[in-house]
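Once you have looked at the hints, place chain F on chain L.
From first to last, the protein sequence lines are chains L and F. All residue numbers for the first sequence refer to our numbering, where the first residue is 1 and numbers rise by one. All residue numbers for the second sequence refer to our numbering, where the first residue is 1 and numbers rise by one.
Keep in mind the hints are simulated off the structure, nothing from the lab. Don't take each hint at face value.
[As the list claims (entries may be wrong)] Derived pair list, reagent style SDA-like, types lysine to any residue, alpha-carbon separation capped at 25 Å: (1) F/K74 / L/N325; (2) F/K113 / L/N325; (3) F/K113 / L/N436; (4) F/K106 / L/L440; (5) F/K113 / L/P348; (6) F/K113 / L/S413; (7) F/K159 / L/S303; (8) L/K327 / F/A86; (9) F/K83 / L/P348; (10) L/K314 / F/D44; (11) L/K327 / F/S89; (12) F/K113 / L/A412; (13) F/K106 / L/S303; (14) F/K74 / L/S303; (15) F/K113 / L/F430; (16) L/K443 / F/S41; (17) F/K147 / L/S413; (18) F/K113 / L/S417; (19) L/K314 / F/T60; (20) L/K314 / F/M66; (21) F/K113 / L/S303; (22) F/K113 / L/E421; (23) F/K74 / L/A412; (24) L/K327 / F/Q87; (25) F/K106 / L/S413; (26) L/K35 / L/L81; (27) F/K106 / L/W439; (28) L/K443 / F/V42; (29) F/K106 / L/A412; (30) F/K151 / L/A412; (31) L/K443 / F/D44; (32) F/K113 / L/V349; (33) F/K106 / L/Q416; (34) F/K113 / L/T432; (35) F/K147 / L/L306; (36) F/K159 / L/Q307; (37) L/K314 / F/E53; (38) F/K113 / L/R419.
As the structure is a computational prediction, the values presented were derived from the model and not from experiment.
One-letter residues, chain by chain:
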Amino acid sequence: MLSVRVWVKRPGGSPTIVNVRQDDMVDDARDVILKKYQNALGKSYDAPDISIRVVPRHARPRSLDHTPGRGYDPQLSERMLNPDETITRVLDDYFPGGQSIDEALVIEVPPLPSVRQKTPRPSPHHGSGSHHDGHSGIESNEYFPLMPHTGYTQAPPTSSSQIREPSMAIITTGQVPNLPGSPGGANRRNVRPNTRRMQTSSPVVRPSPSEMGSVTPGVILLPRQNRSRVNSDASNTAQPVQAPPITAPTVEDNTQKASTPPARVASPLAKKLKEKKQHTSPAGLLPDGAVPPINVLIVEDNSINLQLLEAFMKRLKVRWQSAMNGKEAVDKWRAGGFHLVLMDIQLPVMNGLDATKEIRRLERVNSIGAFSQSPSSLSKEDAPAIPDPDEKDKLPNSILFKSPVIIVALTASSLQSDRHEALAAGCNDFLTKPVNFIWLERKVTEWGCMQALIDFDGWRKWKDFTKTENRGGNEGKGGKGFRNQRLVTGQKGSGGEPKPLEEGGGLIPPIG
Amino acid sequence: MPSKDTDTITTKETAAVEESESYQSEQALANSYDTGSIDRSVFDQILEMDDDEERDFSRTIVFGFMEQAEQSFKDMEDSLKGKDLAQLSSLGHFLKGSSATLGLVKVQDYCEKIQNLGSDPDKTRTTNADDREERLAGITSVLGEMKEEYKCVCVRFRKFYDDLNGDSQL
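Next up, chain L with everything else stripped away, as it sits in the complex (with noise of 0.2 Å):
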């Protein structure tokens, strides 16, 4: 089926293509209208309230260059058309040779009470794609289809800046506004946000407290006021949001092995083999505290893998237990206080499947985190235990228990199934063998985060708790209100100036 492509347009609009099949009556036509303007009357009209007015070429005030070489017929004068029409056919008989973008049709429809008329809504998704009909022939109903090569490069009147730039502004309210957010050209780079969309985790080093004072959006735990200071502190211990931009100053430092760990820009992978001599802080690929403090259970039976995982998490200055098999990951677990699960699967014992549903069932059974939040759905199911858990599968400390555990997977083989069966399995996330330690530290940040920012509380202890261990004098003087107090109490100076990384490596013991 031939779709014809016939020039819409709302009154004081920017002309715009629709595609119609030859066949199709107005009414088809109005379908499609309302598809393409489906912010500015889609939300408010039906197909059926939409009038589509024509006007004969000579009746256009505009089109003095009236061509003589055409006759001019008397019965076609301006009018509405009827919606069953045949639109091509009125078309054919008003523009013999083919529509022009002069000659748009014109959209026009009843008025709405003027509150919805003056604050139109410009929605983000504003068009293309999703409004095929059910006219399998028509090609494209973008905003931007191909025009036909007439008028295009010579302006119509209606100005070439709409054309250019056809933003939802000018469809919603019909005419030109001098916007230069509207979600057209050029400006739409400059649009995004380009703090804080590039990731949670990836490992982007920052060099330096100030810089990274200046650049991090707002932390959601942050007071208000003594804003720069706290910042420094906080991003540096539960920030899932923050992603410095790279500036120059990074980037030099990749030639310096200094404190300050070097730069990665955007691929770390590609860096790494430059970088890697530069290690020489135990905080290697990371930046200084930039993990929540979170404690972590590594789950693990073969002992070289636990080591190593052992040692990131010690780079990554998280607390960490490990445990060799299933039973023994649960029994740790119950203890309290775990953030993250890092499970591996084949265990010997019992399975890392078995531990994490056993986990699973004693957090439903005392009704810890998201599960106490839906009593009534779960009632059906598991009515009798809910109020009342057997005595053997009552935590001791449940206040240590505030939400459900995160439980990151380590699956040895990539099949999906596996993963597949890990998540049915209650896992929350998974990470393929061998580990990519860039990943993990990901998962450890973006997990973490979330955690640090459910268990506040905790997250405060272990501040503290670090506080005493790291010598603890210097910290924290600065706080001007309680709040702050509180909060500065990081790895950090208070005056924001970072402590020597070296200092949180007197934790670790030399291994070998």
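Chain F in isolation, oriented as in the chain L frame:
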């Protein structure tokens, strides 16, 4: 912050020394990367964890692995004698984990083969004596190949870590 500056200089020097010293052994190791025995990206991330020129950390890991591998080979041989397919499968899986962690892809593959040959998901074949013998024979041959591969890797690792000391023992 004077202390920080000092640190900077020290670490710079250390790294420079480390670079020159380890260059040759890096080359040696690079050869085994070329043969496809070692996945460089995987092993490098262990090297990255080293924070001294002696490479104490990765050395511990690597030599620990060797110990583990040799023990595993022995255990596998014992299990072969005892015709314990399940145990062989389990041993294969065990060594697969650590060899994968070190990026020893070929060893890892052999281990996976042993794991699969030993495993019997649908329990029916266990009763078939011929089938069992066949699989035990398969494991025997894979184990032989794996040991050869292991020896090559081993030599390279030893060379790598010995050259670091400037003290060639092998």
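Each hint tested on the structure:
A distance of roughly 23 Å separates the Cα atoms of F/K74 and L/N325; the hinted pair therefore holds under the 25 Å criterion. For the hint linking F/K113 to L/N325, the alpha-carbon distance of about 24 Å falls within 25 Å, and the restraint holds. For the given pair, F/K113 sits about 23 Å from L/N436 by alpha-carbon distance, which is consistent with the 25 Å threshold. A C-alpha spacing of about 24 Å is found between F/K106 and L/L440, which places the hinted pair at or below 25 Å, so the restraint holds.
With a CA separation close to 20 Å, the supplied pair F/K113 and L/P348 stays within the 25 Å bound. For a cut-off of 25 Å, the pair hint linking F/K113 to L/S413 stands: about 13 Å separates their Cα positions. At most 25 Å may separate the alpha-carbon atoms for a hinted pair to count; F/K159 and L/S303 meet this at roughly 24 Å. Restraint check for L/K327 and F/A86: the C-alpha separation of about 21 Å stays at or below 25 Å, so the hint holds.
For the hint pairing F/K83 with L/P348, the CA-to-CA distance comes to about 20 Å; that is within 25 Å, so the pair holds. Of the supplied pair hints, the one linking L/K314 and F/D44 holds, its CA atoms being roughly 18 Å apart against a limit of 25 Å. A distance of roughly 21 Å separates the Cα atoms of L/K327 and F/S89; the hinted pair therefore holds under the 25 Å criterion. Between F/K113 and L/A412 the CA atoms are separated by roughly 14 Å; this keeps the pair inside 25 Å, and the hint holds.
For the suggested pair F/K106 and L/S303, the alpha carbons sit about 20 Å apart, so the restraint of at most 25 Å is met. A distance of roughly 17 Å separates the Cα atoms of F/K74 and L/S303; the hinted pair therefore holds under the 25 Å criterion. Pair hint F/K113 plus L/F430 holds up; C-alpha atoms about 24 Å apart against a cutoff of 25 Å. At roughly 19 Å between alpha-carbon atoms, L/K443 and F/S41 fall within 25 Å of each other, so this suggested pair holds.
Distance restraint check for F/K147 and L/S413: the Cα-Cα separation of roughly 23 Å lies within the 25 Å cut-off, and the hinted pair is therefore satisfied. For the suggested pair F/K113 and L/S417, the alpha carbons sit about 19 Å apart, so the restraint of at most 25 Å is met. This hinted pair checks out: L/K314 and F/T60 have alpha carbons roughly 16 Å apart, not beyond 25 Å. Note on L/K314 and F/M66: the hinted pairing holds, with a Cα-Cα distance of about 24 Å set against a maximum of 25 Å.
As the CA atoms of F/K113 and L/S303 are separated by approximately 22 Å, the hinted pair is consistent with the 25 Å bound. Distance hint between F/K113 and L/E421 is fulfilled; the C-alpha atoms sit about 22 Å from each other, no more than 25 Å. At roughly 23 Å between alpha-carbon atoms, F/K74 and L/A412 fall within 25 Å of each other, so this suggested pair holds. Under the criterion of a C-alpha separation no larger than 25 Å, the hint pairing L/K327 with F/Q87 is consistent with the structure, at around 20 Å.
Proposed proximity of F/K106 and L/S413 is supported: the alpha carbons are some 15 Å apart, at most 25 Å. Among the hinted pairs, L/K35 with L/L81 is consistent with the structure: their alpha-carbon atoms are about 19 Å apart, no more than 25 Å. Only pairs whose Cα atoms come within 25 Å are accepted, and F/K106 paired with L/W439 is accepted, the gap being roughly 23 Å. Between L/K443 and F/V42, the direct Cα distance comes to roughly 18 Å. Compliance with the 25 Å bound is thereby established for this hinted pair.
For the given pair, F/K106 sits about 15 Å from L/A412 by alpha-carbon distance, which is consistent with the 25 Å threshold. Among the hinted pairs, F/K151 with L/A412 is consistent with the structure: their alpha-carbon atoms are about 24 Å apart, no more than 25 Å. Between L/K443 and F/D44 the CA atoms are separated by roughly 20 Å; this keeps the pair inside 25 Å, and the hint holds. At roughly 23 Å between alpha-carbon atoms, F/K113 and L/V349 fall within 25 Å of each other, so this suggested pair holds.
As the CA atoms of F/K106 and L/Q416 are separated by approximately 22 Å, the hinted pair is consistent with the 25 Å bound. Of the supplied pair hints, the one linking F/K113 and L/T432 holds, its CA atoms being roughly 18 Å apart against a limit of 25 Å. Taken as a hint, the F/K147 and L/L306 pair is honoured in the structure, with Cα atoms around 24 Å apart against an allowance of 25 Å. Using a Cα cut-off of 25 Å, the hinted pair F/K159 and L/Q307 holds, with the two alpha carbons roughly 23 Å apart.
With a C-alpha separation of about 19 Å, the suggested pairing of L/K314 with F/E53 holds against the 25 Å cut-off. The suggested pairing of F/K113 with L/R419 holds, with an alpha-carbon distance near 21 Å, which does not exceed 25 Å.
The earlier numbered hints are all upheld by this structure, with none contradicted.
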